[in-house]
Amino acid sequence: IMSVAVYAMAGLHRARVESQEAAVKYFVTGAFASSFFLYGVALLYGVSGSTSMSTIALAIGRGQEGPGLALLGVGFLLVGFGFKVAAAPFHMWAPDVYEGAPTTVTALMSAGVKAAAFAAFLRVFLQAVPALASEWQPAVAVLAIVTMVIGNLGALAQTNVKRMLAYSSVAHAGYLLTAVAAAPTAPIRNIRVRFDLDGDPL
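With our numbering, letter number 142 in the sequence shown gets 1369, and the count goes up by one each step, no holes.
Calculated from the structure, these hints are not laboratory results.
Check the hints yourself; a few may be wrong.
[To be verified] Subject to a maximum C-alpha distance of 20 Å in a straight line, what follows is the list of computed EDC-like cross-link-like pairs (lysine to aspartate or glutamate):
{"hint": "1", "residue 1": "Lys1341", "residue 2": "Asp1323"}
{"hint": "2", "residue 1": "Lys1389", "residue 2": "Glu1326"}
{"hint": "3", "residue 1": "Lys1389", "residue 2": "Glu1248"}
{"hint": "4", "residue 1": "Lys1341", "residue 2": "Glu1362"}
{"hint": "5", "residue 1": "Lys1252", "residue 2": "Glu1326"}
{"hint": "6", "residue 1": "Lys1389", "residue 2": "Asp1323"}
Note that this is a predicted model, so its numbers are computed, not measured.
Sequences are here, hints too, so could you generate the full structure?
Set out below in structure tokens:
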């Protein structure tokens, strides 16, 4: 819902071609990212039979379906969230969209949208897939390093303030990804679940 609103806000300056171009680019790349995210959700649903994060965590912790499908789902989720937070190499939309969008919308995108995306990122990865932390945390760490390097080096070459802000936002996404990579995850054995007479979780 947030993304759809920002797609429209990026094109508020109807008289400016750059604003319309920013809205279209953001919509196309956002739809691409959402497809990755939804496919990841579908794979995790296939593993657990539920969209509840606690149920997904239990199913992956038990390892009944094997880790392959769950790892593939986590990979797709990582790509989807990478687009949303403008992490390299999924950041290619940010400079053009930040430059073309109205200044107030650019400010909102660089702070509010990124904060909301990271909040969802942390909640999904720390609550739904903590049992696979040993697999996804190194990938997030590599993503953080690449994002910090590309964001800071890309900002040096910019002559437009908004594009420089975009690359600065990319670099800050890398800093936040280091926190995600270092975040402690609760072992699945510490989660208490009540079961009914058939052995299904309540």
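How the hints compare with the structure:
Using a Cα cut-off of 20 Å, the hinted pair Lys1341 and Asp1323 holds, with the two alpha carbons roughly 16 Å apart. Taken as a hint, the Lys1389 and Glu1326 pair is honoured in the structure, with Cα atoms around 5 Å apart against an allowance of 20 Å. Using a Cα cut-off of 20 Å, the hinted pair Lys1389 and Glu1248 holds, with the two alpha carbons roughly 15 Å apart. Annotation: proposed proximity of Lys1341 to Glu1362 is violated, straight-line Cα distance about 24 Å (limit 20 Å).
For the given pair, Lys1252 sits about 12 Å from Glu1326 by alpha-carbon distance, which is consistent with the 20 Å threshold. For the hint pairing Lys1389 with Asp1323, the CA-to-CA distance comes to about 9 Å; that is within 20 Å, so the pair holds.
The structure shown violates just one earlier hint, number 4.
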